[in-house]
Amino acid sequence: MDKYLQGLFVLANDPVAEVRKLVCAAFVHLTEVLPSSIEPHLRNVMEYMLQVNKDPDEEVALEACEFWSAYCDAQLPTENLKEFLPRLIPVLLSNMAYADDDESLLDAEEDESQPDRDQDLKPRFHTSRLHGSEDFDDDDDDSFNVWNLRKCSAAAIDVLSNVFGDEILPALMPLIQRRNLRIVYDAIGTLADSVREELNKPAYLEILMPPLVAKWQQLSNSDKDLFPLLECFTSISQALGVGFAPFAQPVFQRCMDIIQLQLLAKVDPASAGAQYDREFIVCSLDLLSGLAEGLGSGIESLISPSNLRDLLLKCCMDEASDVRQSAFALMGDLARVYPAYLQPRMVEFLEIASQQLSANLIRENLSVANNACWAIGELAVKVRQEVSPIVTNVASSLGLILQHGEAVNKSLVENSAITLGRLAWIRPDLVAPHMEHFMKPWCLALSTVRDDIEKEDAFRGLCAVVKVNPSGGVSSLVFICKAIASWHEIRSEDVNNEVSQVLNGYKQLLGNSWAECLSALEPPVKERLARYV
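Each residue of the sequence shown is one higher than the one before, starting from 1 at the first, in UniProt numbering.
These are calculated hints, taken from the structure and not from any lab test. Please note that the accuracy of each hint is not assured.
As the list claims (entries may be wrong) - Within a straight-line C-alpha distance of at most 20 angstroms, the following computed DMTMM-like cross-link-like pairs (lysine to aspartate or glutamate) qualify:
no.: 1; residue 1: K151; residue 2: E58
no.: 2; residue 1: K440; residue 2: E516
no.: 3; residue 1: K440; residue 2: E456
no.: 4; residue 1: K151; residue 2: D193
no.: 5; residue 1: K382; residue 2: E456
no.: 6; residue 1: K151; residue 2: D57
no.: 7; residue 1: K82; residue 2: D158
no.: 8; residue 1: K382; residue 2: D429
no.: 9; residue 1: K382; residue 2: D494
no.: 10; residue 1: K215; residue 2: D225
no.: 11; residue 1: K314; residue 2: E348
no.: 12; residue 1: K21; residue 2: E47
no.: 13; residue 1: K82; residue 2: D166
no.: 14; residue 1: K526; residue 2: E489
no.: 15; residue 1: K54; residue 2: E18
no.: 16; residue 1: K410; residue 2: D451
no.: 17; residue 1: K266; residue 2: E319
no.: 18; residue 1: K482; residue 2: E516
no.: 19; residue 1: K382; residue 2: E348
no.: 20; residue 1: K224; residue 2: E279
no.: 21; residue 1: K82; residue 2: E47
no.: 22; residue 1: K440; residue 2: E406
no.: 23; residue 1: K482; residue 2: E436
no.: 24; residue 1: K440; residue 2: E522
no.: 25; residue 1: K266; residue 2: D318
no.: 26; residue 1: K224; residue 2: D186
The whole structure should be built from the sequences, with the hints applied where relevant.
Quick look at the structure:
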């Protein structure tokens with residue numbers, strides 16, 4: 001191995017780019033599969049990788065850039081990497097700039113004059129309730145999926161942020177005044193997403209917020225340079241939580257002004273003094289979601305005197321899928337922290353959200369259906385009986401989604417299973433008569449959901465409908481058992497009791513056939529069920 005490494009170092013500065021690329025690939029591969037082999041030479045390898053990360057040949061630089069993520073994944077000593085951060089971070093940020101020949105940028109410019117197709121719309125996922133969102137299938141053109149130095153550098157920044165947390169800040173902060181603000185905004189947003197509440201310290205905020213606020217105040221409501229800044233503030237507001245309160249009022253009002261300006265520009269550009277661009281609405285809605293998530297019930301004083309409710313309803317009915325997607329995300333966030341605000345137009349919100357779950361709309365707008373489904377579930381647990389008018393139709397739509405789960409995506413299937421459970425919990429009498437049609441796929445979907453409060457809600461619904469219509473669950477009892485066995489631990493005492501009652505109820509109902517049912521289960525499943533029976 002030593003001779004092999006010596007050979008790599010001899011070739012490291014070869015004038016042929018392809019050779020340098022292969023040397024980098026070799027070091028990356030060794031780091032991934034045999035990290036102990038390079039530990040004695042770690043400093044030399046890291047110095048070399050940092051040097052070639054700036055190689056004029058982008059393919060060489062890309063191969064070198066892969067090293068930093070591989071290093072972190074290999075769990076090599078972080079202290080060795082930490083001392084490189086002041087030199088490494090500027091290189092990665094510099095490489096995050098769009099190149100003139102970046103295929104995704106060229107395609108975007110080429111398509112600028114063309115109306116957007118659904119597959120051109122980048123999905124915006126609401127992170128509060130999207131288990132499995134990493135599996136969401138985005139139908140972007142292939143050029144958007146080309147792995148390049150810019151994307152690899154961004155991924156490396158992301159990994160480093162997760163490994164080092166707020167320790168990355170001293171290397172990052174001096175770059176705030178640099179010219180390429182878009183890159184800095186992206187980097188700050190990534191950092192905020194990674195370190196979360198660790199960012200909420202006076203020393204960091206004194207460095208971070210003044211230049212961001214100053215830039216925020218310089219830009220007009222129709223300046224497209226606002227886009228990355230709005231996205232940056234979204235991440236910061238979520239990370240700081242209530243710590244964002246001192247900045248919340250002007251940020252909230254700015255978002256409201258932007259949305260109102262764009263809705264006017266849509267129908268009367270001359271009066272608005274601006275051309276309509278829905279991206280302003282999308283970014284503003286996302287930032288309002290960030291405020292709701294960060295401030296929680298503290299957002300009440302901001303939105304109570306506003307006309308956000310009426311603006312949000314308009315956005316939920318917008319013809320553009322990305323506007324609707326962000327609107328339903330905000331609807332769900334408001335349902336969680338201040339459902340009373342939606343009350344005056346609750347029936348309309350529920351009706352419009354339920355319409356997004358129709359089969360013809362889902363096929364074209366999966367991400368809209370996903371957020372609408374999530375929002376209905378959040379509203380259901382807050383307003384309870386008020387969702388009754390839509391329960392039957394929504395349960396039918398969710399049943400169809402679960403029955404054809406292979407045609408959609410994991411996130412929508414999971415959200416459908418949870419929302420169906422929440423509706424069943426509130427109105428088991430309306431859901432139970434139809435349970436035979438979707439019980440098997442419902443249980444299969446619940447089996448994949450991680451243990452959390454939302455899963456508890458869903459199982460309250462599952463148990464409620466089984467109690468109302470026990471015979472409707474007999475043919476799917478094996479799958480009910482597997483869904484129950486998917487729990488590592490049911491922390492809620494009432495859910496634990498409900499599950500136990502359901503299983504013991506079936507044991508009594510089936511008599512001698514109960515043992516036959518258990519025989520169809522794998523040993524680990526039977527072992528977990530023993531806790532409840």
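| Are K382 and D429 close enough, with their CA atoms no more than 20 angstroms apart? | holds, 19 angstroms
* Asked: Taking 20 angstroms as the top limit, are the C-alpha atoms of K266 and E319 close enough?
  -> Distance ~12 angstroms between K266 and E319 Cα, so the pair holds.
Q | Restraint status (C-alpha distance of K82 to D158 at most 20 angstroms) | A | holds, 15 angstroms
Holds or violated: are the alpha carbons of K82 and E47 at most 20 angstroms from each other? holds, 13 angstroms
Exercise. CA of K224 to CA of E279, is that 20 angstroms or under?
Worked result: holds, 9 angstroms
Compare the distance between the alpha carbons of K215 and D225 with 20 angstroms, and conclude whether the hinted pair is satisfied.
holds, 10 angstroms
Decide if the proposed pair is consistent with the structure: K482 and E436, CA atoms, cutoff 20 angstroms inclusive.
Cα-Cα ~17 angstroms, so holds.
Check your understanding: Given the hinted pair K382 and E456, is their alpha-carbon gap at most 20 angstroms?
Key -> holds, 15 angstroms
query: Between K482 and E516, is the straight-line Cα distance small enough, at 20 angstroms or below?
result: holds, 15 angstroms
Distance restraint between K526 and E489, which requires alpha-carbon spacing of 20 angstroms or less
holds, 15 angstroms
- Query: Quick one, are K410 and D451 close enough, alpha carbons at most 20 angstroms?
  - Reply: holds, 16 angstroms
Query raised in the report: Are the Cα positions of K82 and D166 separated by 20 angstroms at most?
Result: Roughly 12 angstroms separates the two Cα atoms, so the pair holds.
Consistency note: the structure conflicts with none of the earlier hints.
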